[in-house]
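Top line first, the protein sequences correspond to chains A and B.
Each residue of the first sequence is one higher than the last, beginning at 27 in the numbering used here.
Each residue of the second sequence is one higher than the last, beginning at 2 in the numbering used here.
These aren't lab readings, by the way, just hints derived from the structure by calculation.
Quick reminder that beta carbons are idealized off the backbone N, C-alpha and C, glycines included.
Incorrect hints may appear among the rest.
Once the Cα atoms are required to be at most 20 angstroms apart in a straight line, the calculated EDC-like pairs of lysine to aspartate or glutamate come out as [stated by the list, open to error]:
(1) Lys126/B x Asp124/A
(2) Lys89/B x Glu37/A
(3) Lys153/A x Asp104/B
(4) Lys46/B x Glu162/A
(5) Lys116/B x Glu105/A
(6) Lys144/B x Glu105/A
(7) Lys106/A x Asp84/A
(8) Lys98/A x Glu150/A
(9) Lys79/B x Glu162/A
(10) Lys103/B x Glu155/A
(11) Lys172/A x Glu64/B
(12) Lys144/B x Asp103/A
(13) Lys164/A x Glu91/B
(14) Lys46/A x Asp22/B
(15) Lys166/A x Glu154/B
(16) Lys40/B x Asp84/A
(17) Lys62/A x Asp84/A
(18) Lys164/A x Glu18/B
(19) Lys30/B x Glu45/A
(20) Lys52/B x Glu37/A
(21) Lys91/A x Glu86/B
(22) Lys73/A x Glu18/B
(23) Lys172/A x Glu98/B
(24) Lys148/B x Glu37/A
(25) Lys116/B x Glu98/B
(26) Lys73/A x Glu64/B
(27) Lys72/A x Glu18/B
(28) Lys40/A x Glu18/B
(29) Lys51/A x Asp22/B
Covered by chain A, per the in silico footprint, the following chain B stretches (three or more residues, Cβ under 8 angstroms) [as the list claims (entries may be wrong)]:
(30) 48-59
(31) 119-132
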Amino acid sequence: MTKEEKMILNELQKGIPLEKRPFLKIANKLCLSEEKIIRAIHSLKKKGYIRRFGAILDVNQLGVKSTLVGMKVRGEDVEKIANIVSSYEGVTHNYERDHIYNLWFTLMESSDERLEKTLKEIKERTKVEMIHLPSEKKHKTNVFFKFE
Amino acid sequence: MDKIDERILIEISQNIEICMDVYEALAKKLNLSEDELLKRLKNMKNQGVIKRIAPVLYHQNTEYKYHAMTAWKIPKNKIDTMLYEMQKIENISHIYERNINKDWPYNLFGMLHGKEKEEIQNIIKFLSKKIQVTEYTVLYTKKQWKKTSPNIEYFIR
Numbered sequence: 027m028t029k030e031e032k033m034i035l036n037e038l039q040k041g042i043p044l045e046k047r048p049f050l051k052i053a054n055k056l057c058l059s060e061e062k063i064i065r066a067i068h069s070l071k072k073k074g075y076i077r078r079f080g081a082i083l084d085v086n087q088l089g090v091k092s093t094l095v096g097m098k099v100r101g102e103d104v105e106k107i108a109n110i111v112s113s114y115e116g117v118t119h120n121y122e123r124d125h126i127y128n129l130w131f132t133l134m135e136s137s138d139e140r141l142e143k144t145l146k147e148i149k150e151r152t153k154v155e156m157i158h159l160p161s162e163k164k165h166k167t168n169v170f171f172k173f174e
Numbered sequence: 002m003d004k005i006d007e008r009i010l011i012e013i014s015q016n017i018e019i020c021m022d023v024y025e026a027l028a029k030k031l032n033l034s035e036d037e038l039l040k041r042l043k044n045m046k047n048q049g050v051i052k053r054i055a056p057v058l059y060h061q062n063t064e065y066k067y068h069a070m071t072a073w074k075i076p077k078n079k080i081d082t083m084l085y086e087m088q089k090i091e092n093i094s095h096i097y098e099r100n101i102n103k104d105w106p107y108n109l110f111g112m113l114h115g116k117e118k119e120e121i122q123n124i125i126k127f128l129s130k131k132i133q134v135t136e137y138t139v140l141y142t143k144k145q146w147k148k149t150s151p152n153i154e155y156f157i158r
């Protein structure tokens, strides 16, 4: 990333204004041209830094129920189990971690009933010991990477 | 929230086309006027449905190479101080309180991101000392098997 791209990316991560020509606003703030901002976004996408440019939603506001699950998977089974878990549309994150509970996934469904149903199905299909940790309270859900 | 809002959400939760008149292009796709689209976007932002419109990064491709989920056993009387300290640290995202159970005593979660492993270790040391809490566990990311943004269509259908 160039110095300018880092500066632009730091600013964009805060969110673009909901106004006409939003990149012009950002350009003025950074004392750059609007074209430069747009070109930087295309370049950052091409270079594989930006996965997606779009809205970040709070799906819980849409009635979606979510939970976090940790699994204790035998080393040789990780790939197989991970693939089963990932195959569910409601699974958005699935990570292998350095811990006795070594596979962690987040599951979202449109209702508590669906959430229970999917969890039960995953449990039956994988036959793996798992802990189910629904969130009680969200305090912060923003990622901000500061590039220097 | 009506059907039009739903169509907007489905569209903007994907990868939007980047150009000068980004909202105009989006509005055209949705058969709305730009003003109408902006009005609805602002509404949904105020309701908290839309957090922001921004780039989502492939964080493993950036200089942030180390990621750890940390889980802490924090007594009730220390929760507020711990939250206050955690919120101040830029390297921490996703702070959640979660229910404990017999196999899991840790009630507070924070995702840590660092350019070096040491950065993560230092934050943990700092928090542990500051809050006087020694019961916690650190789960470094070994492999990302799946990471995707929620498919809105799947949830609202």
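Verification of the supplied hints:
1. Lys126/B x Asp124/A: It holds: about 19 angstroms lies between the C-alpha atoms, which stays within 20 angstroms.
2. Lys89/B x Glu37/A: Holds: lysine 89/B and glutamate 37/A sit about 19 angstroms apart, inside 20 angstroms.
3. Lys153/A x Asp104/B: 17 angstroms, holds
4. Lys46/B x Glu162/A: Given pair lysine 46/B, glutamate 162/A is violated - Cα atoms ~23 angstroms apart, limit 20 angstroms.
5. Lys116/B x Glu105/A: 27 angstroms, violated
6. Lys144/B x Glu105/A: 10 angstroms, holds
7. Lys106/A x Asp84/A: The given pair, whose Cα atoms are some 31 angstroms apart, is violated under the 20 angstroms limit.
8. Lys98/A x Glu150/A: 14 angstroms, holds
9. Lys79/B x Glu162/A: The given pair, whose Cα atoms are some 17 angstroms apart, holds under the 20 angstroms limit.
10. Lys103/B x Glu155/A: With Cα atoms ~13 angstroms apart, lysine 103/B and glutamate 155/A stay inside 20 angstroms; holds.
11. Lys172/A x Glu64/B: Holds. Lysine 172/A to glutamate 64/B sits at ~10 angstroms (cutoff 20 angstroms).
12. Lys144/B x Asp103/A: 14 angstroms, holds
13. Lys164/A x Glu91/B: 17 angstroms, holds
14. Lys46/A x Asp22/B: Given that 20 angstroms is the threshold and the Cα spacing comes to 7 angstroms, the pair holds.
15. Lys166/A x Glu154/B: 25 angstroms, violated
16. Lys40/B x Asp84/A: Measuring from Cα to Cα gives roughly 19 angstroms; hence the hint holds.
17. Lys62/A x Asp84/A: Roughly 30 angstroms separates the two Cα atoms, so the pair is violated.
18. Lys164/A x Glu18/B: Roughly 31 angstroms separates the two Cα atoms, so the pair is violated.
19. Lys30/B x Glu45/A: At roughly 17 angstroms apart (the allowed maximum being 20 angstroms), glutamate 45/A and lysine 30/B satisfy the hint.
20. Lys52/B x Glu37/A: Since the Cα atoms of lysine 52/B and glutamate 37/A sit roughly 16 angstroms apart, the hinted pair holds (cutoff 20 angstroms).
21. Lys91/A x Glu86/B: Violated, at about 28 angstroms.
22. Lys73/A x Glu18/B: Distance of about 17 angstroms is within 20 angstroms: holds.
23. Lys172/A x Glu98/B: 25 angstroms, violated
24. Lys148/B x Glu37/A: 24 angstroms, violated
25. Lys116/B x Glu98/B: This hinted pair is violated, its Cα atoms lying about 26 angstroms apart.
26. Lys73/A x Glu64/B: Holds, at about 13 angstroms.
27. Lys72/A x Glu18/B: 14 angstroms, holds
28. Lys40/A x Glu18/B: 19 angstroms, holds
29. Lys51/A x Asp22/B: The hint holds at about 12 angstroms.
30. 48-59: n = 12 at 8 angstroms, threshold three: holds.
31. 119-132: violated (count 0)
Checked against the numbered hints given earlier, this structure breaks hints 4, 5, 7, 15, 17, 18, 21, 23, 24, 25 and 31; the rest are met.
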